[in-house]
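Q: So you can see what is in the structure, the chains are spelled out below.
Protein chains: 2
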Amino acid sequence: MTLITGLAVHDVRFPTAAAGDGSDAINRGDYSATYVVLETAGGVRGFGLTFTNGRGNELTCAAVEALGHHVVGHDVGELCTAEGARTLTADVQLRWLGPEKGVIHMAAGALLNAVWDLRARLAGVPMWRLLAELPTADLVAAVDFRHISDAITPEEAAALLDRGLEGYAERLERATREGFPAYTTSVGWLGYDDEKVRSLTRQAVKDGWTAVKMKVGGPIDDDVRRAGIIRSEIGPGSLLMMDANQVWDVGEAIANMERLVAFDPYWIEEPTHADDVLGHAAIQRALGERCRVATGEVGANRVIFKQLLQAGAIGIMQVDACRVAGVGEVLAELLLAARFGVTVCPHAGGVGLCEYVQHLSFFDYLRVGRSMEGRMIEYVDHLHEHFTDPVRVAGGRYLLPERPGYSVEMRPESIAHYAYPAGPAWSA
Amino acid sequence: MTLITGLAVHDVRFPTAAAGDGSDAINRGDYSATYVVLETAGGVRGFGLTFTNGRGNELTCAAVEALGHHVVGHDVGELCTAEGARTLTADVQLRWLGPEKGVIHMAAGALLNAVWDLRARLAGVPMWRLLAELPTADLVAAVDFRHISDAITPEEAAALLDRGLEGYAERLERATREGFPAYTTSVGWLGYDDEKVRSLTRQAVKDGWTAVKMKVGGPIDDDVRRAGIIRSEIGPGSLLMMDANQVWDVGEAIANMERLVAFDPYWIEEPTHADDVLGHAAIQRALGERCRVATGEVGANRVIFKQLLQAGAIGIMQVDACRVAGVGEVLAELLLAARFGVTVCPHAGGVGLCEYVQHLSFFDYLRVGRSMEGRMIEYVDHLHEHFTDPVRVAGGRYLLPERPGYSVEMRPESIAHYAYPAGPAWSA
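Protein sequence lines, in the order shown, are assigned to chains A and B. Using my numbering, the final residue of the first sequence is 529, and nothing's skipped along the way. Using my numbering, the final residue of the second sequence is 529, and nothing's skipped along the way.
Quick caveat, the hints were computed from the structure, so don't treat them as lab data. For glycine and all other residues, C-beta sits at the position ideal for the given N, C-alpha and C. Among these hints, one or two may not hold up.
As the list claims (entries may be wrong) - A few chain B positions that, by computed beta-carbon distances, are all more than 12 Å from chain A:
1. Arg275
2. Thr277
3. Arg326
4. Arg360
As the list claims (entries may be wrong) - These stretches of chain A come out as covered by chain B in the derived footprint (C-beta under 8 Å, 3 or more residues):
5. 163-174
6. 185-194
7. 223-229
8. 280-286
9. 412-418
Said to hold, decoys possible - Derived, one-sided and incomplete: chain B residues facing chain A with beta-carbon distance under 7 Å:
10. Arg129
11. Thr153
12. Gly203
13. Ser250
14. Thr254
15. Leu301
16. Asp350
17. His374
18. Leu379
19. Gly416
20. Leu500
21. Leu501
Please build the complete structure, drawing on both the sequences and the hints.
A: Given below as structure tokens:
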């Protein structure tokens, strides 16, 4: 038993909006973190964050404070169970502000990820290893099956996790040797002009990338032209993903993709509003085998993911590490994906998301999905220098993390410099 | 053109949790308001609120501050259009915190309702009349069709609203004479024991109520016993509604309702998680003609309502006045309901919700749904004394509001007394 004795939350913002990095059809953000530090009597600390897009980061910080009493004074192990997590997600007063979505749920994600980070640090292992080597019963106990039991039961989850023990050593050996496939999103932000897109794509190919993502959702003729540039630079053998960031209506998505499928996209990401399960299903039906539908970065919770799977709405599930209620709810989503045979390619970028989700993909490979086929982790080459244990990416692949924890501990000097609004980066 | 020149937000909380009023399967709240006051140079003020459940009200207040710059310095008329509302709901940084859900969206609701209140006060008419007598083109311009155009187009909305002009005078005469049917939720909170339920129900019948709602979602045997008490008190001719407040899983909801249909419920409200469109559809299919499924009080936005209708998941749509982005988004929901032929019975109770939604039901009757058949407004006899223009309910019916605006202006002495945390109600 390890009691959490203290909690601090930091509002950390990076002024990225001005450069157009991260610009897409619907966002233009200052990448920010609601950064949580948990203390224990023994001195080991836990670190978690939720990613936000700039303004409003004070709201997720305040939500962390509002939920803090469910964490401080409580036991790490207890908070890593479904019942423990539910003290945050089903608080009899705060639940009204969601339920299980938006500001309050993102704050729960930062807190519960910090708790799980603490657990991994206490065990002295990286998060992927903690999870991959936990007994099946402990993993099942971490999943809140409430409201998803019509799609997956604890018994079915246990069977999936037990199956994941077979061949574990071989997969671990392969993951250690080969790492995990990645793709880059840095070539095709909407804020970049054609020549910048072309030169970045060319450089990406030189750097070994065989999978790249572009933003779409501007005027469709521009999207088509940019898709042509990128496809011509990467050649027919590499993967091209497209991301509309929810800007299209359902009919518009279908019509625009009728033109864009000519460039053989591996997936179309967020073709319409993130809550629109039936809309995604309609788009996937219209595209058929020609293109997979992908979504998840703003998927509110396991109930939305459950329905996307039940409706056959997606071919790619893009779990996010900190929009949902931390590791426990991500486990639910990975198990649901496996149950429905859908490929998981986590959402990353922002700040700290690459650091987080590498652990999820390695765990998924080792214990749940058991395959790297068609699976990739998003990679954006921004802001890694602010972390004490940044991702290591080489030749288009993530290398297996080695240090204990969930890899989102930030450097003290970065926290101080980018603290909002008092840090030098903002007060100057 | 009327510019908004100032904005104030108040954190107002009523200590209701201790009494068990408002207790249900999932909430035990201190009914609270994120209360917004807008100023204009001419001195006319606008009032809006979003309802919360106690702790966390500081988050919606802070979200109002975060969105305030889209309102202060802007024109009332412009903010009453879809494009105006979208400056709040699609802010390039704040949208990430939703999108269009939870804390940030509820704050948009408080602000935009205050803008619409201001518009009605400037016109010198109650909200229902402002809306019911607006030209069709102005109403259509207030609706954001983005992400719902696959279910309703501006042309279809215009046709519905034009049709609502026929027979308008007769309906207005009837509404003025008869008011609008109501039901009471005050008899069957989960926190009440059997004898309190029985005596409250008996009193409600004496007071003229012919429709009452009970909470379910406790142990099923208790629910069955309480349903028996209430049905025996109201007799076979009155309506009994049941409300599970999302506590059941899908299979559990179906199994429990197999027992509860014996008491002939008019609807089962929130049988499972509010985001679970497919789950509601499965429950409605299982119940068939025996009981309608109802939901809406935490329906996040028009995209969720669209899908509930597309999936045939509900027979009753319970719009909430301030969880979504104010009058404009409620208009979208009312038009969607009419398009799919589904009955609207707004969610009320809490604090200020009865004051708000009476305007919506009268407008719906006068211009959109054009019927009172099977339609009712929820009524809870709490906290009306804090408003300057409280609802008037007699013989189980709401009377038509007469004073200008949206009826949620609070008395200054109530704001001062219940201000959190400094007011005497909390600092004592």
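Q: Each hint: holds or not?
A: Okay, the hints, checked on the actual structure:
no. : hint    : verdict
1   : Arg275  : holds (36 Å)
2   : Thr277  : holds (35 Å)
3   : Arg326  : holds (24 Å)
4   : Arg360  : holds (19 Å)
5   : 163-174 : holds (count 3)
6   : 185-194 : holds (count 4)
7   : 223-229 : violated (count 0)
8   : 280-286 : violated (count 0)
9   : 412-418 : violated (count 1)
10  : Arg129  : holds (4 Å)
11  : Thr153  : holds (6 Å)
12  : Gly203  : holds (2 Å)
13  : Ser250  : holds (5 Å)
14  : Thr254  : violated (10 Å)
15  : Leu301  : violated (22 Å)
16  : Asp350  : holds (5 Å)
17  : His374  : holds (4 Å)
18  : Leu379  : holds (5 Å)
19  : Gly416  : violated (18 Å)
20  : Leu500  : violated (29 Å)
21  : Leu501  : violated (30 Å)
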